[in-house]
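Q: Based on the provided sequences and hints, a complete structural model is requested.
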Amino acid sequence: MLKGQSSNLLTYISNLFNSSDSKGCIPFLQELARREAMLASFPQEIHPALVDTLTSKGILNLYLHQAESYTACEKGKNLVISTGTSSGKSLCYQLPMLDSMLKEPCKTALMLFPTKALTNDQLNSLQALIPKKGPCQPKCAVYDGDTPQRERAAIRDQANILLTNPDMLNMGILPHHPLWARFFENLAYVIIDEAHIYRGVFGSHIANLIRRLKRIVDFHGSTPKFILTSATIKNPRALSEVLIEEEVELIAHDGSPQGMKYFMVYNPPLVNEELGVREGLLLSVRKFVSSLYRFQVQTLVFCRTRRLVELLLRDVKNDLQISNGSIRGYRSGYLKTERREIESGLKAGEVKIGIATNALELGVDIGGVDCVLLAGYPGSIASLRQRIGRAGRMFNPSLSIFIASMNPLDQFLAQNAEYLLSRDLEEALLNPNNPLILLEHLQCAAAELPLDNTEYFGKLNPEELKPYLDYLTQLGVLHRKGKRYYFVSDDYPAQHVSLRNTPSNAIALRCMNNGKVEVVGEVDYNSGLWMVHPGAIYIHDGETYRVDELDLTNCLAFLVPCDEDYVTEPVISAEIDVLSVKNTSDHRLYQLNCGEIKVRSQVKGYKRIKWSTKEVLDTTTLDMPETTLESMGVWLVLKDECVELLRKEGLWNSDRNDYGPHWKKIRNEIRARDHYQCQVCGQPESQVEHHVHHKVPFRLFTSLEQANNPENLVTLCKKCHSLVESQIRVRSALSGLKYLMSALSPLLVMSDAGDLASYFDSVAKFADCKPAIIIYDNIPAGIGLSEGIFQRFQELLEKAREVITRCDCSDGCPSCVGPALEGAYGGKFETMELIKYLLETPAHGING
Amino acid sequence: MESMAERLKSLGFKKAVSISPSTAKSDVKLESAVDGKIIQNSLGEFVLKETLYPMNHQHGVVTFHYDFHTETINRTAKITPESPSLERLLFIDTETSGLSGGTGTFAFLVGYGRFSSEGFLLTQLMIRDPGEEPAMLLHLINQINDKDIFVSFNGKSFDIPLLQNRLVLNRLPVKLREFQHIDMLHISRKLWKYSLESCSLKTIESAILKFNRNSEDVPGWMIPDIYFAFLRTGDPSGLKEVVYHNAQDILSLAALFIHVSKLLAGTLSPSCVPVDDLIAISRIYWDLGSYEVSQKILKSILPRTKTAEQRVMINASLGRFFKKMGHSNEAIQYWQEAAENGDAAACIELAMYYEHSIKDYSTALHWCEKGLQASKNGDKNPASSRFLISTQKRMTRLQFKRSNHV
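Going down the list, the protein sequences come from chains Y and W.
Counting from 1, one number per residue, gives the positions in the first sequence under my numbering.
Counting from 1001, one number per residue, gives the positions in the second sequence under my numbering.
Source of the hints: derived by calculation from the structure; they are not laboratory data.
As the structure is a prediction and not an experimental result, all values here were calculated from the model.
A couple of the hints might just be wrong.
[What the hints assert, rightly or not] Quick partial rundown of chain W residues pointing at chain Y, CB under 8 Å, derived from the structure:
(1) Met1004
(2) Ala1005
(3) Leu1011
(4) Gly1012
(5) Gly1101
(6) Thr1103
(7) Gly1131
(8) Ala1135
(9) Val1168
(10) Asn1170
(11) Pro1173
(12) Met1222
(13) Ile1226
(14) Phe1228
(15) Arg1283
[As the list claims (entries may be wrong)] Label pairs and their computed distance ranges (CB to CB):
(16) W/Glu1045 x Y/Gln495: 32 to 38 Å
(17) Y/Lys139 x W/Ser1010: 47 to 53 Å
(18) W/Ser1010 x Y/Gly221: 39 to 45 Å
(19) Y/Glu104 x W/Pro1084: 39 to 45 Å
(20) Y/Arg600 x W/Leu1043: 52 to 58 Å
(21) Y/Gln495 x W/Asn1142: 33 to 39 Å
(22) W/Asn1142 x Y/Gly221: 22 to 28 Å
(23) W/Asn1142 x Y/Ala238: 51 to 57 Å
(24) W/Lys1324 x Y/Lys139: 40 to 46 Å
(25) W/Asp1287 x Y/Lys139: 30 to 36 Å
(26) W/Arg1213 x Y/Arg600: 33 to 39 Å
[As the list claims (entries may be wrong)] Cross-link-like lysine-lysine pairs, in silico, DSSO-like; alpha carbons within 30 Å at most:
(27) W/Lys1009 x Y/Lys582
(28) Y/Lys481 x W/Lys1175
(29) Y/Lys466 x W/Lys1009
(30) W/Lys1078 x W/Lys1240
(31) W/Lys1009 x Y/Lys598
(32) Y/Lys77 x Y/Lys132
(33) W/Lys1049 x Y/Lys483
(34) W/Lys1296 x W/Lys1037
(35) W/Lys1240 x Y/Lys459
(36) W/Lys1147 x Y/Lys765
(37) Y/Lys336 x W/Lys1393
Just so you know, even glycine gets a beta-carbon here, dropped at the ideal spot from N, CA and C.
A: What follows is the structure, encoded as structure tokens:
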């Protein structure tokens, strides 16, 4: 496949494949075909000065999606552009924006970028496009926390194009909108770049921020059009329509050219087959980087943490004995000048190996590289695709390598790598009507402009708003007079809004560093209980800490930096109540529900787990307060028929365990101990000997002695034994399916670690004591994830079946049904059976 | 409604418990409580109170009358023409729903005073609820003539921008920011930055104007809550104190204006003016380019100085004056005096003199070292990095010159 082409990269690839080291470690390699550009000529309506400028830069045509965007804007539509990395998305909004200003010089535009680095990059690219000889020179300015006070007034009075971020819009612009009267009166466009970032809690805040923006803009008498860009996710259009609450047209035909791309997955070799332990991520990445350097393949390595960047940088420089600037690190914390230097070094090819965190993921222009190496899964497919989009320059072939870590999701994706290339999987979801988030923004809105009792807030109508406004009136924040609610508080509500968190008490994380107290970060109160309980190992930004003390009265956690080789896992007891069912779909063997739930949970203690072997070192008990979470959940309830089927099918036939050479003797001893009576129903032995049952399944033990410990054994009659075993079978199937569902859900609904929680019980109180699995939004009032899963449950089950069928393991592994849980065993077979039954039965109907 | 509160609480919403709903509404009306009247215009109603303080009204040590010159104040605040008629001055102060800033803050009381032939007429406009704001603002802008000059205390950064915001929100297109404006806070800082612990109106009122408020007054930070309480209960009794507070603020503002005018015009007998004030006045004249006046004031107080600090300041300023006039010999004398008493800038002046005029590099170096030392000792004004860098540069150059010279 690689014959006839000669470049460092291709030599490297063929070498890699012929090397014996990588045997069995490359489960996936895909060629993404070269794609020709789809060009379009400049639409006639574009201002000639703009066309001249583009032409003078050597841009003689537009890509199809750029031309389409312009035309759609001309028709007055809102747009979202969802094309690949480096496909020229910026021009899609730069053109209509500048065009409108050349035609009407007073027009203005607001551009929102999620990071400051992106903002500065955009300023440069924008300024290069402004015609020198046009009828006017639109003024562009960055307005963020770094903008000097003395420059701000001039920017407010003069800027045509304002480049800013959501935080500044919330804190610095909307609360002072009268100062921006000229800007808002003339607002023609609002640009929202990288809109896929605005999902979950952050997105729910942004949707409300946009509601506030639209209110203010309306007051000043203009109706701007929105242009959004998004990474290639499943639902760019739906996401945009929830964010701006207007109709949006999707532009998704990527007209930009692309060279041949190779995408490869590398799963480090097993070093301990029995325990399933693989070669460390750092070591594997190191080997790759060294050989890529030797082949002179320019490579960008993405690491998940800043710490990994530094470790890798140190090791690779050591391995290669290199001290010049051809290998550089790039992460937040580096100086601005240093970063610019590395960016231009990458562009010019002087930097051969760049080792970066996600600081380099968004926007920042470094040209293309030959190879992108991903050290571990970055958390979402969109983000992975953005990173691998860095590979490839013009029509040159390029390579992307995803190196899987030991993390279950990484292992899972290594086995199911085609998911990584699918753009039809991940959905970005949010909930603009989350009551806590909404309440904060309503206060800001009232402070910005009194609220009328006939007014809408986004799509929320006056009746829906009234309870909130009346509540705020009751709190004394608002004062109602006639039909209006006035803000009457000596407060600046926008400063309390933290766009990335749900409103709640936060626990501040403090750490002593060189004799000084440093604030490491914060976690919300409820998460704090299980994330930073005393004794917990807490990893923040790649640094490992141990929690010394948790002071809940003052909301402080004291951390100590450490370098332990274990992690901790909280032991949580949870009780779930269903408050209301919003949606149900009924099937022959199961029922799927979606609704409001209440989770009461308590951290009972924690386990210390050895990092390398996942072995539990010990368990410590804790006395922690109970917490309650009200949120949205989606739960699967197995009907009696389903349980019956599971019972009947395939009993005992999975395999026979070899209980060891002394089994016969042990068995007799236990029967004697139990007076030859079934310990469940009391039936004495007659002709047939009773069975001896392992309470904790035999397979879960590595040592024969422990498994056959008398305390783990009990005498049961044949009938009772089969009942108990089938109970375990149900538990195993539920455990396996729960594991699959929670592993796969983030691939369907984009979420951050900890956004979703799951739980299963074979006697679930919240489901009339039937076997059930629940997945819920781990955020007060929810952010739309459970609803998303409800809608796509069938798809989730199908994915689960694909994964489990394809997995080569014998009885469960981290890539399919996960590790065995207490009172269950691997359960791969049982899980497979369960999924088969669930998928076979068509839905009876959906009621909602 | 109760259910919303419960729902939010169960979701973890943690905010101070809800305040008690308004109990029995008060029978007393705001307008009668403050002895005002209701005014109606095309945008609605509001309450207005007028008080005339006759000529010769006494406010602390200041007597209200006409015979003072405002020229220097006006020059300092860059007002044109430099001697407008007193009737054009509009002394203004607002009471607001908070100090947090942003569009959420509004003025519920706007007070303004003017001199006229009958005396000082104070007008206070207030609203019974936020809905009356448009009517009040309309009345306000109708009372303002575009030749008026605002006189305020910190009004340039607080009251006027706030009122401007409110006008935009109520679609009343008047640009208050474009009016001429004398902010007495700025002038007070020039005068008393070094001699008073703070330049708040309160401090100035008691230290300079010797005026004491009676028990009717309330501290400023309580005012928003008093108004919010009135909104909830309708009981206007607390607002009487706010109206008193606002009136005293404006009277003190006018008294301060008269006092400063006299200070700057030199109409007060110099012996009753503290040395520190006179040093500050000389500085104001210097900044206005009236070097001779500045110098005269300084020379006149030199015999009266009590502290070394004052003497250093006067000597340094006189040195600066004579340098400007081209009398370097006299300048050197004063600088020598200031430098020996630890004035860093004077040391450098001397270094420059010895370097360029005398070409005595060793002495110049000596003064540089002295200057660096002085800048380290002076804890009041820590040396700027620019000063340190330029002095180091000067010293390097001097060392080079000295070695070449020998």
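Q: Enumerate the violated hints, using their earlier numbering and listing them in ascending order.
A: Violated: hints 8, 10, 11, 12, 13, 15, 26, 30, 34, 35, 36.
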